[in-house]
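With chain A's structure known, arrange chain B on it following the hints.
Taken in order, these protein sequences are the chains called A and B. Going letter by letter, the first sequence gives residues 1 to 446 in this note's numbering. Going letter by letter, the second sequence gives residues 447 to 892 in this note's numbering.
Keep in mind that the hints are not guaranteed to be accurate.
With a straight-line cut-off of 30 Å between C-alpha atoms, the simulated DSSO-like cross-links for lysine-lysine are [what the hints assert, rightly or not]:
id	chain 1	residue 1	chain 2	residue 2
1	B	K822	A	K51
2	A	K51	B	K479
3	B	K497	A	K51
4	B	K572	A	K33
5	B	K822	B	K497
Don't read these hints as lab results, they were simulated from the structure.
Next come the chains, spelled out residue by residue.
Number of protein chains: 2
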Amino acid sequence: MRLSRYFLPVLRETPAEAQIASHRLMLRAGMIKQQQAGIYSWLPLGFRVLKNIERIVHEEQQRAGHIPLLMPTLQPAELWRESGRYDAYGPEMLRIRDRQDRDMLFGPTNEEMITDIFRSHVSSYKDLPLTLYHIQWKFRDEMRPRFGVMRGREFLMKDGYNFDVTKEDALHAYNRHMVSYLRTYERMGLTAIPMRADSGPIGGDDTHEFLVLAETGESEVFYDDRVTNRELGKRDIDYDDRAQVAAVCEEFTQLYARTDETHDSGIWEAEVPEEHRKVGRGIEVGQIFYFGTKYSEPMGATVQTADGATVPVHMGSHGIGVSRLVGAIIEASHDDRGIIWPEGVTPFHCGIVNLRQGDAETDAACEALYRDLQGKGLDPLYDDRDARAGEKFATMDLIGLPWRITVGPRGLKEGKVELTSRRTGDSEELTPAQAVERVAGIYAGR
Amino acid sequence: MRLSRYFLPVLRETPAEAQIASHRLMLRAGMIKQQQAGIYSWLPLGFRVLKNIERIVHEEQQRAGHIPLLMPTLQPAELWRESGRYDAYGPEMLRIRDRQDRDMLFGPTNEEMITDIFRSHVSSYKDLPLTLYHIQWKFRDEMRPRFGVMRGREFLMKDGYNFDVTKEDALHAYNRHMVSYLRTYERMGLTAIPMRADSGPIGGDDTHEFLVLAETGESEVFYDDRVTNRELGKRDIDYDDRAQVAAVCEEFTQLYARTDETHDSGIWEAEVPEEHRKVGRGIEVGQIFYFGTKYSEPMGATVQTADGATVPVHMGSHGIGVSRLVGAIIEASHDDRGIIWPEGVTPFHCGIVNLRQGDAETDAACEALYRDLQGKGLDPLYDDRDARAGEKFATMDLIGLPWRITVGPRGLKEGKVELTSRRTGDSEELTPAQAVERVAGIYAGR
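Isolated chain A, as found in the complex:
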């Protein structure tokens, strides 16, 4: 993309209404525009990051064998009356009446609807196990929306639902989700720690939240600091291998890590060596639940087993806050000058800064770089504006592309351009061809 033809409305001033770094930086970098309290437009740069996160979530869900579909944003009230949640849900549920006076709602979550889909089409144990998920816009009418996309009202979420014949099968689904979530967050450059949590209005016995450590997090967290060293890395996971999947879960959850809701100071003091006890704050970026037959029983989602019995299915639900992750990643990765995107989610793979726009040789070198990077399947952002170098650098730093190639007449005289890491600030002089190879190598296999 050529910046001269893009829509990147960066702001010079820090917006007064933004209290936390991610909100400030998303506004300043022209990623979002608030349309009303807690409801945002995703401007082109923000939309790119959102789509990257969505893509990673899709890929990791499907790698784990989960099947995508798409449920509508609006739901009929009847389904929620069946489960008993229509009256229980409270004023966060946006209730709507259509022109024929039917009660509807903007879905805050989809346990009822997915159970309805299941019971309409599945009746035999032979069709299980089954995990269905979707990524869709949801709405919760927060009284005080704040922190930008971190606590918005209209938000994009992945929610998935497993259907299993037995509790044991459902717990494998639970574990499978935990491992796939760990990989999902790692691909986004995040360390998200699974913590034993409280089930809230979803219900159920087993639940873990995934928290990204950040000072601006809404939850107080208590953890053994060795838990932050766990890494899934590139190890091969067979999601059908129950023992392997369970062992990974054990590895990531054996050390103490809990939110204030479930913190137990007795266990904390008895089991965590004092030098490893850490209290901090975390941003919740996902949660998994096993809730058994809580929805399948009242809603009649049953299957026939091999011996002819009719049993309600065991279910769980599993959510990732897709739009919230954009904010969480920024909270975890920024500095005074702006955002620092992890390679996995960056809106463009690298920037090209032309130090002397209009100079024939410099322009030609930039054009060649732009074309060659695209030829490698990369998506560069070329700052071809007629602007001062300082302004171009400030924009690149603000929007946080992890790599920048700087092209100027002085370097070109020696056949060189400069490749700079946004994270470290380190620069290297390279030939244009070397720079292209280097950047292509960084993104190879992603």
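This is chain B only, laid out in the frame that chain A set:
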């Protein structure tokens, strides 16, 4: 995907409520489930087609230089009061009140909001031309939703908006959209004819609708039948070349083609040779508008020109019915046995039918084909169920994958499998390696 692990709830019976082929077939093929009147869940197979259509729309919009963003589903009423459309829009607009008694609405279209984004961030002619678009769920509270996704209430639509300094520039944007739409539809296997139409509630002088000829279309259309032979094909389009783009538009619109709204029997009889006059029905799958300063003037979307004057920008809007296209494609491409997907949008590239599940050699051959097709970057659907051949064929025919590879012990004895075209029914005996090459060749470059 292995069918034994997929969620493909095909129906044996034809649902009584479905009046047209696409609605019937989408229900029977397990593509959608109605959740309430005019609101559907997209089951896994339907979701795949929807995503393919969305991807093609994105690719062709970006090829034309248009920039994606994403506006929210819910909009504040104030914006619509500014343009004067809040009261004018009628009961099809779903009006919502939030917990703080603010008036909101589920967006039926986005002229107001995009104008608000524009005026907040753009003030100079130097930032133009600019075309922004998004693909988002919209809602129109139809009194009588019917025909499945063809006339639903919650529907997925691409809507784009151009901003230009002069009328001349805006008309180039209009033409650019026409050409990019022609390519979009062709990639989906559709012949969509641009017809001079009526502007309706969007307003404006110039507008064309794109119609797919089909007996079940909602519009009566009058056209010179030579218009159906026009094809954009693979010709290279430079979307910045005004003359070239205008010439393509001229080529596709010079012959008479109008909906009943704008039909003029005087011109019809004077200009269309009698043997070429055709009256038929069409499904609207898109529409483009030029409406000048209709929104920019009341909403104050202005730019400063080179000579310092402040002028309202010239705008147009441009829509493609993404979810509706799924139905339109089926209306245009099906037979008694089911859907026939064009290669551009098919949910899976080909099917593999195992005629003797459980036979070691047949299973092994199917597994090898499955792996080899995936190795070519293809996405096959392998029917590995323990079911009769007749049932497997019926399912494949119903869901309409354009190519099927049939594997049985008899063929394998001679080292052969059978490759069958869903469209023609023609079969060929090939070695498995040849079949893989053939299918890969069909999809090469898509």
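Are there hints from earlier that the structure breaks, and if so, what are their numbers?
-> Nothing - there is no hint that the structure violates, so all of them hold.
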